[in-house]
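First residue of the sequence shown? That's 158 in the working numbering, and the numbers climb one at a time after it.
Treat each hint with caution, since some may be false.
Stated by the list, open to error - List of simulated lysine-lysine pairs, DSS-like, C-alpha gap at most 27 angstroms:
| id | residue 1 | residue 2 |
| --- | --- | --- |
| 1 | K310 | K488 |
| 2 | K403 | K390 |
| 3 | K390 | K221 |
| 4 | K390 | K449 |
| 5 | K365 | K221 |
| 6 | K320 | K286 |
| 7 | K517 | K505 |
| 8 | K505 | K310 |
| 9 | K449 | K439 |
| 10 | K221 | K310 |
| 11 | K397 | K411 |
| 12 | K488 | K517 |
| 13 | K488 | K446 |
| 14 | K365 | K439 |
| 15 | K403 | K439 |
| 16 | K481 | K439 |
| 17 | K515 | K481 |
| 18 | K446 | K410 |
| 19 | K449 | K403 |
| 20 | K397 | K446 |
| 21 | K404 | K439 |
| 22 | K488 | K449 |
| 23 | K221 | K517 |
| 24 | K362 | K410 |
| 25 | K481 | K449 |
Derived by calculation from the structure, the hints in this document are not laboratory data.
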Amino acid sequence: MGFVQCAMDNNDAIVGLFFIMTIYHSKISTKTTPFAMIDDYSTIREEREVLFTMHTIFRVVDIKQATKNSRLWEIQLAITSDNDPQLVTLINHIKEEIQGSTGWHRMDQLMLKVGNFDQVEELYDELLKNASDDSDRRIVYNQMGWLKRNQGKYQEAATFYQKSLEIRRETLPEDDPLLAHIYNNIGTVYRYMNDYSTAFQFYEKSLKIKELSLPPTHADLASSYNNICGVYKSMKQYSKSLELYKKTMDIDKKTLPPNHPDLAISYNNISLVYSDMRNYSKALEFYDKSIKIYEQVMPPNHPLLATSYGNIGPVWSELGDYSKALSFLEKALRVQQMSLPPTHPFIKETMHRIDLVKRKR
Numbered sequence: 158m159g160f161v162q163c164a165m166d167n168n169d170a171i172v173g174l175f176f177i178m179t180i181y182h183s184k185i186s187t188k189t190t191p192f193a194m195i196d197d198y199s200t201i202r203e204e205r206e207v208l209f210t211m212h213t214i215f216r217v218v219d220i221k222q223a224t225k226n227s228r229l230w231e232i233q234l235a236i237t238s239d240n241d242p243q244l245v246t247l248i249n250h251i252k253e254e255i256q257g258s259t260g261w262h263r264m265d266q267l268m269l270k271v272g273n274f275d276q277v278e279e280l281y282d283e284l285l286k287n288a289s290d291d292s293d294r295r296i297v298y299n300q301m302g303w304l305k306r307n308q309g310k311y312q313e314a315a316t317f318y319q320k321s322l323e324i325r326r327e328t329l330p331e332d333d334p335l336l337a338h339i340y341n342n343i344g345t346v347y348r349y350m351n352d353y354s355t356a357f358q359f360y361e362k363s364l365k366i367k368e369l370s371l372p373p374t375h376a377d378l379a380s381s382y383n384n385i386c387g388v389y390k391s392m393k394q395y396s397k398s399l400e401l402y403k404k405t406m407d408i409d410k411k412t413l414p415p416n417h418p419d420l421a422i423s424y425n426n427i428s429l430v431y432s433d434m435r436n437y438s439k440a441l442e443f444y445d446k447s448i449k450i451y452e453q454v455m456p457p458n459h460p461l462l463a464t465s466y467g468n469i470g471p472v473w474s475e476l477g478d479y480s481k482a483l484s485f486l487e488k489a490l491r492v493q494q495m496s497l498p499p500t501h502p503f504i505k506e507t508m509h510r511i512d513l514v515k516r517k518r
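Work out the full structure, taking the sequences as your base and the hints as a guide.
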């Protein structure tokens, strides 16, 4: 509590959040160890610190002010049962997605997923310094590319991805699935830089390899279709884009749990196309599906939440409901300012959208 109070005393513009965690032993399986007391290993033993495992999940029970007119808020959390079928399915999928040769590599991938970009960069710098061979370096280069892409530093991202690709091509055949992964990443960076022809070339290279090595309903194929759709959309070929996005969504529905973030991405992408086609009722229908998943499984400051809020805003603006438009865009900006560097192009774009809506009011 002292840390929170000290921070608030130093800055009148912030609020404090005090998390109260309730652990029900009856809800903890004897097969798992979700937490451990680490008093004996802590620098300050009297703090009686508790270390939770990465897969421990709490549900929000209540949020309330500590006292009336206080800037301190209490958030009551309760540990979930590991028998919750939806959570178990989602956790198992995430565990499969977070792979790595060491615990550090798995940790960095988890931190990327939840949007902790600054901490990840520090970790990658250390991993790169301690890399013992090219195999370790190419993994870190690839992840650094992913990080820089999410920070909006697209040219730096392309450089790291190319370094990873050069190492991989020294030892792998041209049709190796690992090359498909890096081609896909490079394509995405070029798409963000609006170089659609180069993006399309890399996406096609990736897709050709995947079609040779994967079953037709594999999630990685859905990812490739998704990216090619994005190029079609940017080139205003909406019918092609919508057709492939729906194909992606069908694969995701067959292979992913109903609350998986990748399914939310599919819904979000379809809504973007409908929005560009001025079919706003359909756009809102799919945005709503996307938001429900993100708010259920993502931390409240995750960039994907900001993306969805930011996409819904202009739809309400087009429908003439400027107060709703402004509400969603301001939500998007708050999340972006918490999770992205201040120079990120997404923040600039959201501020521009807010300005446009204010002019229309």
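Tested hints:
The suggested pairing of K310 with K488 holds, with an alpha-carbon distance near 23 angstroms, which does not exceed 27 angstroms. Of the pairs offered as hints, the one joining K403 and K390 holds, with about 13 angstroms between alpha carbons and a cut-off of 27 angstroms not exceeded. Of the pairs offered as hints, the one joining K390 and K221 is violated, with about 43 angstroms between alpha carbons and a cut-off of 27 angstroms exceeded. Our distance criterion of 27 angstroms between C-alpha atoms is met by K390 and K449, whose separation comes to about 24 angstroms.
The hinted pair formed by K365 and K221 fails the criterion: a straight-line CA distance of about 53 angstroms is larger than 27 angstroms. Straight-line distance between C-alpha atoms of K320 and K286 comes to about 16 angstroms, which keeps the hinted pair within the 27 angstroms bound. Our distance criterion of 27 angstroms between C-alpha atoms is met by K517 and K505, whose separation comes to about 19 angstroms. About 14 angstroms separates the Cα atoms of K505 and K310, which keeps this hinted pair within 27 angstroms; it holds.
For the proposed pair K449 and K439, the alpha carbon gap of about 16 angstroms is at most 27 angstroms, so the pair holds. Taking the CA atoms of K221 and K310, the gap is about 39 angstroms. The hint is violated against a cut of 27 angstroms. Restraint check for K397 and K411: satisfied, since their Cα atoms lie roughly 22 angstroms apart, inside the 27 angstroms limit. A C-alpha spacing of about 19 angstroms is found between K488 and K517, which places the hinted pair at or below 27 angstroms, so the restraint holds.
Distance restraint check for K488 and K446: the Cα-Cα separation of roughly 18 angstroms lies within the 27 angstroms cut-off, and the hinted pair is therefore satisfied. The suggested pairing of K365 with K439 is violated, with an alpha-carbon distance near 32 angstroms, which exceeds 27 angstroms. Restraint check for K403 and K439: the C-alpha separation of about 13 angstroms stays at or below 27 angstroms, so the hint holds. The hinted pair formed by K481 and K439 meets the criterion: a straight-line CA distance of about 17 angstroms does not exceed 27 angstroms.
For the hint linking K515 to K481, the alpha-carbon distance of about 12 angstroms falls within 27 angstroms, and the restraint holds. Restraint check for K446 and K410: satisfied, since their Cα atoms lie roughly 13 angstroms apart, inside the 27 angstroms limit. Between the alpha carbons of K449 and K403 the distance comes to roughly 19 angstroms, so the proposed pair stays at or under 27 angstroms and holds. A threshold of 27 angstroms between alpha carbons decides the hint, and for K397 with K446 the separation of about 22 angstroms falls inside it, so the pair holds.
Taken as a hint, the K404 and K439 pair is honoured in the structure, with Cα atoms around 17 angstroms apart against an allowance of 27 angstroms. Between the alpha carbons of K488 and K449 the distance comes to roughly 15 angstroms, so the proposed pair stays at or under 27 angstroms and holds. With a C-alpha separation of about 36 angstroms, the suggested pairing of K221 with K517 is violated against the 27 angstroms cut-off. Simply put, K362 and K410 have alpha-carbon atoms about 25 angstroms apart, close enough for the 27 angstroms limit, and the pair holds.
Of the supplied pair hints, the one linking K481 and K449 holds, its CA atoms being roughly 17 angstroms apart against a limit of 27 angstroms.
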